[in-house]
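Start from the sequences, fold in the hints, and give me the full structure.
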Amino acid sequence: MFDQPESFETVDGRTIGGVMMEMKNITLRFGGVVAIQDISFDIREGEIRAIIGPNGAGKSSMLNVISGFYNPQEGEVWYKGELRPSMKPFEVARQGIARTFQNIALFEGMSVLDNVMTGRLNHMKAGILSQALWYGNAQREETENREVVERVIDFLEIQDIRKTPVSRLPYGLKKRVELARALAADPKLLLLDEPMAGMNVEEKEDMSRFILDVNDEFGTTIALIEHDMSVVMDISDRVVVMDYGKKIGDGTPKDVRSNKAVIDAYLGVAHD
Amino acid sequence: MLPDQFLFGVEVMLNGLMAGVLYALVALGFVLIFKASGIFNYAQGVMALFGALTLVGIMDGQVPFAHLINAIFGTDVHHFGWHVPAFLSILLVMVVMVGLAWCVQHFIFRHLVGQEPIILFMATIGLAYFMEGFGDLMWNSEIKKLDIGIPQGGSIWIEEATSFLGGSNFYGFFIDKLEIVASVVAIVLVIILVAFAQYTKQGRAMRAVADDHQAALSVGISLSFIWVLVWSLAGFVALVAGIMWGAKSGVQFSLSLIALKALPVLMLGGFTSIPGAIVGGLIVGVGEKIFEFLIGAPFLGGATENWFAYMLALVFLVFRPQGLFGEKIIERV
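First to last, the sequence lines map onto chains A and B. For the first sequence, position 96 matches number 96 in the numbering used here, and the numbering has no gaps at all. For the second sequence, position 4 matches number 276 in the numbering used here, and the numbering has no gaps at all.
Bear in mind the hints are in silico, worked out from the structure with no lab data behind them. All C-beta atoms, glycine included, are put in the ideal place defined by N, C-alpha and C. Heads up, some of the hints might be wrong.
[As the list claims (entries may be wrong)] Derived, one-sided and incomplete: chain A residues facing chain B with beta-carbon distance under 10 Å: (1) 88; (2) 98; (3) 108; (4) 110; (5) 114; (6) 115; (7) 117; (8) 118; (9) 120; (10) 124; (11) 182; (12) 184.
This is the structure in structure tokens:
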């Protein structure tokens, strides 16, 4: 076992708990390309953890490792104090890790409501026979899960588009629906891949507010990747900085901002 | 009293509707698999044949692979000597179809995830020929009679009820009871399938997988489970189609060719729509009968039923390539 750091309180009164997920010496290669090189960091319960870095730094790859879409060649992933064996993405999802995608992966042909309902799939236990006959458990479950989904829909203020097919929605709303689907799963850990990419200032502010609210009201642990430095510095508790597949900084936004390696990576540095 | 020619036309149309239901049953199997996995399953017709063959084999107590066993061991076995009741046999064949679905997923498509559609299509062609040969080896290639107790022959009741419509030489509409049963079964099947896809957990997961694989994985759906489920459903539909066609014209290997008629049905109805498969089937069934009656037989020397459906599909391809109910393909620029 690794050392459990003490839980502590943040300035705004939220409690950050012990380590929920720990990445140990992760290395990921695609053929000869090293996407992630020997990176270790942890995610603590209840915090908002950001991973930042310039283009091609390996941020998305890291998120894909956490969510099981990639399996690293070296290193260990510890989740809730246990070493996680190599898993398929759907198995990771069943462990309570939900995610969104950088270029939105929604079920375009379905309504918003149906999309969010798919987030509840793993909470529905009725057997296939009961499902087929629409009898007993199946019916009760559908009602219960529908209630959860309606709460999420209210929370994210997308009531008025519940019945709209997703393909008709504008980009910003699609992003919000994707967040709703992930939230509906009632995740322990929520992974957001560039939740604000391609948004205008107003949409960014909305999204930031939702992320903070989710963390605050449901106590959901959130790990996110973001390009926009100012947003990240505003909403996250701790930040990992990556560059060329390596970790170059890790700490509170204040620490990271004054880190020389980070400034070099972002502003560029003269090599002589 | 109505003119005989008109009444005969109506009868032709009714028979067309019934034939259309049988086309629709085959088309339905295609749509299920295409929607959920993007695979155009060329083997759907052979699956119907295989289901029907296995059903007859189990009911008659045939020894599977009898030829092979006899050739290797010099024995002369062909029947176990028992007869299994129809209902139990159908249940057993369903189990076989699920097993088949698992094998198809496990040995073929699991290894082809993310491949081009044309490669998946080629794989189903291979599967079709394999299954045809396998079915032959397992149950031999004789034409078999399938009798699971579906009533057959013209419905006297309908004939008597409608005979007043015409003159003294009109005896009422002739409609085969088997085709009435087939229609009822098809309607029930469609209602069940639509309800399953729309209102159940697995149905929702199925639609999710059809839409986006990555997103489906991220909400915890196992792709291989869903694919086995879909192939099983397609297997059931194939079995129903096989039973109906088998009861109508005997279980024979030309059964796998009816799958080809499902192609124009799908082009009309759209490859992604369950109601489309039904309506497409009915249009093809009625269309080819009426065309033969009005134009084919009097002016073109008959036998237009063989090609009418394809011509209709061609016309549709020109004017409405996505079919009647297919999702419209809009490219955003």
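Each hint, compared with the structure:
no. : hint : in the structure
1   : 88   : holds (8 Å)
2   : 98   : holds (7 Å)
3   : 108  : holds (6 Å)
4   : 110  : holds (6 Å)
5   : 114  : holds (7 Å)
6   : 115  : holds (8 Å)
7   : 117  : holds (6 Å)
8   : 118  : holds (5 Å)
9   : 120  : holds (9 Å)
10  : 124  : holds (5 Å)
11  : 182  : holds (8 Å)
12  : 184  : holds (9 Å)
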